[in-house]
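Asker: The residues making up each chain are set out below.
2 protein chains.
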Amino acid sequence: MNKTIYNFSAGPSVLPKQATKEAAEAIFDFAGTGIGILEMSHRTKPIEGMVAETDSLLRELMGIPENYDIVFLGGGASLQFCMVPMNLLDESASADYTDTGVWASKALKEAKQFGQINVVSSSKSDVYNNIPKNFTQTPGATYLHVTSNNTIYGTQWKSFPKANTFLVADMSSDILSRKINVSDFGLIYAGAQKNMSCAGVTVAIIRKDVLGKVKRTIPTMLNYQTHIGEQSMFNTPPVFAIYVMNRTLHWLKQNGGVDAMEALNNKKSNLIYSALDASKLFTGTAAKEDRSTMNIPFVFQKGAVAEDKVEALQKEFLSFTLERGLEQLKGHRSVGGFRASIYNAMPIEGVEALVKAMADFEKKILG
Amino acid sequence: MNKTIYNFSAGPSVLPKQATKEAAEAIFDFAGTGIGILEMSHRTKPIEGMVAETDSLLRELMGIPENYDIVFLGGGASLQFCMVPMNLLDESASADYTDTGVWASKALKEAKQFGQINVVSSSKSDVYNNIPKNFTQTPGATYLHVTSNNTIYGTQWKSFPKANTFLVADMSSDILSRKINVSDFGLIYAGAQKNMSCAGVTVAIIRKDVLGKVKRTIPTMLNYQTHIGEQSMFNTPPVFAIYVMNRTLHWLKQNGGVDAMEALNNKKSNLIYSALDASKLFTGTAAKEDRSTMNIPFVFQKGAVAEDKVEALQKEFLSFTLERGLEQLKGHRSVGGFRASIYNAMPIEGVEALVKAMADFEKKILG
Numbered sequence: 000m001n002k003t004i005y006n007f008s009a010g011p012s013v014l015p016k017q018a019t020k021e022a023a024e025a026i027f028d029f030a031g032t033g034i035g036i037l038e039m040s041h042r043t044k045p046i047e048g049m050v051a052e053t054d055s056l057l058r059e060l061m062g063i064p065e066n067y068d069i070v071f072l073g074g075g076a077s078l079q080f081c082m083v084p085m086n087l088l089d090e091s092a093s094a095d096y097t098d099t100g101v102w103a104s105k106a107l108k109e110a111k112q113f114g115q116i117n118v119v120s121s122s123k124s125d126v127y128n129n130i131p132k133n134f135t136q137t138p139g140a141t142y143l144h145v146t147s148n149n150t151i152y153g154t155q156w157k158s159f160p161k162a163n164t165f166l167v168a169d170m171s172s173d174i175l176s177r178k179i180n181v182s183d184f185g186l187i188y189a190g191a192q193k194n195m196s197c198a199g200v201t202v203a204i205i206r207k208d209v210l211g212k213v214k215r216t217i218p219t220m221l222n223y224q225t226h227i228g229e230q231s232m233f234n235t236p237p238v239f240a241i242y243v244m245n246r247t248l249h250w251l252k253q254n255g256g257v258d259a260m261e262a263l264n265n266k267k268s269n270l271i272y273s274a275l276d277a278s279k280l281f282t283g284t285a286a287k288e289d290r291s292t293m294n295i296p297f298v299f300q301k302g303a304v305a306e307d308k309v310e311a312l313q314k315e316f317l318s319f320t321l322e323r324g325l326e327q328l329k330g331h332r333s334v335g336g337f338r339a340s341i342y343n344a345m346p347i348e349g350v351e352a353l354v355k356a357m358a359d360f361e362k363k364i365l366g
Numbered sequence: 000m001n002k003t004i005y006n007f008s009a010g011p012s013v014l015p016k017q018a019t020k021e022a023a024e025a026i027f028d029f030a031g032t033g034i035g036i037l038e039m040s041h042r043t044k045p046i047e048g049m050v051a052e053t054d055s056l057l058r059e060l061m062g063i064p065e066n067y068d069i070v071f072l073g074g075g076a077s078l079q080f081c082m083v084p085m086n087l088l089d090e091s092a093s094a095d096y097t098d099t100g101v102w103a104s105k106a107l108k109e110a111k112q113f114g115q116i117n118v119v120s121s122s123k124s125d126v127y128n129n130i131p132k133n134f135t136q137t138p139g140a141t142y143l144h145v146t147s148n149n150t151i152y153g154t155q156w157k158s159f160p161k162a163n164t165f166l167v168a169d170m171s172s173d174i175l176s177r178k179i180n181v182s183d184f185g186l187i188y189a190g191a192q193k194n195m196s197c198a199g200v201t202v203a204i205i206r207k208d209v210l211g212k213v214k215r216t217i218p219t220m221l222n223y224q225t226h227i228g229e230q231s232m233f234n235t236p237p238v239f240a241i242y243v244m245n246r247t248l249h250w251l252k253q254n255g256g257v258d259a260m261e262a263l264n265n266k267k268s269n270l271i272y273s274a275l276d277a278s279k280l281f282t283g284t285a286a287k288e289d290r291s292t293m294n295i296p297f298v299f300q301k302g303a304v305a306e307d308k309v310e311a312l313q314k315e316f317l318s319f320t321l322e323r324g325l326e327q328l329k330g331h332r333s334v335g336g337f338r339a340s341i342y343n344a345m346p347i348e349g350v351e352a353l354v355k356a357m358a359d360f361e362k363k364i365l366g
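Residue numbers (numbering that gives the first Met the number 0), protein chains in the order written: chain E, 0 to 366; chain F, 0 to 366.
Don't read these hints as lab results, they were simulated from the structure.
Remember, it's a predicted structure, so these values are computed and weren't measured experimentally.
Heads up, a few of these hints could be off.
Because identical chains cannot be distinguished in the list, a pair is counted as satisfied if it fits within a single copy or across any two copies.
[Said to hold, decoys possible] Computed list of lysine-lysine pairs in DSS-like fashion (alpha-carbon distance at most 25 Å, straight line):
1) K44 to K2
2) K44 to K314
3) K252 to K20
4) K111 to K214
5) K44 to K329
6) K111 to K362
7) K362 to K178
8) K132 to K161
9) K266 to K178
10) K363 to K105
11) K132 to K16
12) K212 to K329
13) K212 to K301
14) K108 to K212
15) K362 to K329
16) K214 to K108
Taking the hints into account, I'd like the entire structure generated from these sequences.
Answerer: Next up, the structure:
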């Protein structure tokens with residue numbers, strides 16, 4: 000294949016070419032040991048060293064203070080939906096959850112098994128096209144939960160609410176895409192398969208003082224303290240997914256770190272948002288002030304296309320872009336239309352190609 | 000490196016060269032899509048097809064009947080230690096557990112949170128060098144749990160006890176190494192990182208009728224029914240680890256399936272056991288009738304080496320074998336000495352090289 004492909008998938012999604020190449024090479028020989036990384040015991044110095052280095056790199060890149068532990072877990076962010084309240088929320092206590100999308104909603108539903116959950120805000124009736132920012136926190140709530148970026152709806156907390164106690168955030172789809180102040184959070188978790196690695200590993204960043212305060216018995220594997228105490232080596236961790244993260248973090252560091260990514264992500268997303276705002280055919284679906292730099296859903300403007308032609312024209316746009324190597328642009332079924340996911344590893348050339356395709360298609364259709 | 004390396008690691012461990020090569024290639028381009036497997040959404044036809052094919056292959060190779068579901072999960076077999084009783088054992092009910100090693104012991108310890116656990120047998124006082132086979136099952140126990148192969152001690156259930164109700168087995172370290180009758184089991188689980196794949200995915204094979212009988216509320220991600228209902232796609236599964244499994248199962252099928260593996264594993268392990276039985280320097284540690292075909296721990300014979308020279312001589316043997324490319328032969332700390340793990344993907348040439356090294360070393364030391 001000679002055509003350059005740009006992969007706009009919402010996740011698993013594009014990774015740095017350098018990182019995936021290095022990961023593939025390590026399958027044949029890891030770090031000059033003569034043994035491939037898939038076949039090497041986690042109880043060896045090279046693997047232990049690699050996992051420790053991944054911890055250090057993440058700590059450095061995100062500015063994670065010493066009073067936080069980092070663990071690498073299997074099971075996905077969805078498993079964190081129960082692990083968070085299981086570890087942090089006592090049965091007699093309450094927690095505040097903001098309902099900004101399907102994932103936020105799944106997180107709060109799961110938490111209800113473990114304590115009183117207060118849904119302090121919701122944009123569900125707007126198909127989650129905005130982030131409600133005026134809400135009242137519950138006095139005495141153990142924590143306030145937010146989903147930093149909502150992949151399906153393309154909304155993002157631009158600044159985080161100040162929690163009465165501490166924030167817990169699902170950052171699966173925008174971790175490492177912008178500078179955040181880790182000290183504002185008691186716990187951050189993120190599935191790796193957008194900005195960090197392939198699917199198979201989830202990171203939790205945990206302030207030491209938030210643990211050990213619930214009375215329930217926590218199953219060993221679901222207790223953060225188990226994994227903290229063993230540096231994520233209590234049992235066999237997902238070694239390869241951690242290594243892909245290691246190589247991705249190296250790439251990120253070589254490319255200027257989170258500050259540089261944030262500038263690039265602003266630039267990339269502005270290119271698309273400017274194109275949408277100037278378009279007579281397309282329009283973005285998210286409220287302007289909450290627009291995500293990671294996921295950009297867009298649809299045909301009402302009135303620009305006859306109702307009975309929308310479906311056919313959607314297919315046509317997807318074929319039109321596919322011919323140019325622009326893949327996975329179909330929107331999520333709950334929003335419809337299109338979605339461009341432009342994580343850290345999406346080069347600006349991909350975004351430029353998309354913006355050009357949108358303009359060319361508009362010219363073709365509207366003249 | 001020109002020297003052939005044989006990797007005797009207990010896990011993660013040796014995989015078929017063909018499978019790892021195919022997996023590495025898919026990182027650059029999966030199935031001719033132009034997108035790498037680490038970067039492709041699980042909600043695409045190529046990935047859904049690959050996961051479904053992996054299910055079919057495993058079903059075919061193990062002879063799994065239609066009244067069983069297969070799920071691919073993250074978290075490792077250690078997470079199954081709590082998921083099994085959470086899903087199968089009601090609080091007022093009991094289950095029987097056999098204590099044949101550290102992993103069996105961890106499984107039963109974890110189960111105690113969920114119901115009455117009867118430890119019906121234990122070889123702990125013998126440092127688990129045998130499998131106790133005479134024990135009485137508890138009338139009314141929901142299930143009988145066994146660990147089919149004990150990686151650390153090199154013991155293996157040669158035939159499984161007949162359960163009053165149904166068997167649950169942790170087959171992490173010998174799944175696909177020998178023919179078993181799946182219908183004897185209500186649930187089989189196995190971390191993939193020995194005979195099936197790299198670390199990062201765990202398989203559970205579940206008879207349909209054993210589920211849905213407990214009264215407790217099970218967190219969504221810990222409920223087998225969640226994953227069964229969504230063909231392991233409830234959330235993002237560990238795609239790459241499933242693909243390594245897919246390629247390993249293809250290799251296994253091409254090489255004669257489980258019957259051929261069983262014959263080869265018997266041949267490989269017999270080579271080492273015969274050498275141990277004939278040796279004046281080395282001896283196996285496991286009871287003869289329970290000897291594993293997967294993991295073979297061995298030590299210096301008492302009296303063959305002066306007590307104060309054992310440690311130095313152990314180091315010498317490890318250097319001696321390492322020079323010949325025989326890696327990861329150090330024994331587990333709880334048994335000491337050496338351990339050769341010879342899973343499906345260990346070629347007979349590796350075993351022959353080890354047997355020759357043992358003989359050469361013995362000649363060097365004892366003359």
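Asker: With reference to the structure, classify each hint as holding or not holding.
Answerer: Tested hints:
no. : hint         : verdict
1   : K44 to K2    : between (41 Å within a copy, 22 Å between copies)
2   : K44 to K314  : between (52 Å within a copy, 17 Å between copies)
3   : K252 to K20  : within (17 Å within a copy, 29 Å between copies)
4   : K111 to K214 : both (17 Å within a copy, 17 Å between copies)
5   : K44 to K329  : between (44 Å within a copy, 14 Å between copies)
6   : K111 to K362 : neither (51 Å within a copy, 68 Å between copies)
7   : K362 to K178 : neither (38 Å within a copy, 64 Å between copies)
8   : K132 to K161 : within (11 Å within a copy, 61 Å between copies)
9   : K266 to K178 : within (15 Å within a copy, 59 Å between copies)
10  : K363 to K105 : neither (41 Å within a copy, 65 Å between copies)
11  : K132 to K16  : neither (38 Å within a copy, 54 Å between copies)
12  : K212 to K329 : neither (45 Å within a copy, 41 Å between copies)
13  : K212 to K301 : neither (52 Å within a copy, 51 Å between copies)
14  : K108 to K212 : both (22 Å within a copy, 23 Å between copies)
15  : K362 to K329 : within (21 Å within a copy, 69 Å between copies)
16  : K214 to K108 : both (21 Å within a copy, 19 Å between copies)
Violated hints, in rising order: 6, 7, 10, 11, 12, 13; the structure is consistent with all others.
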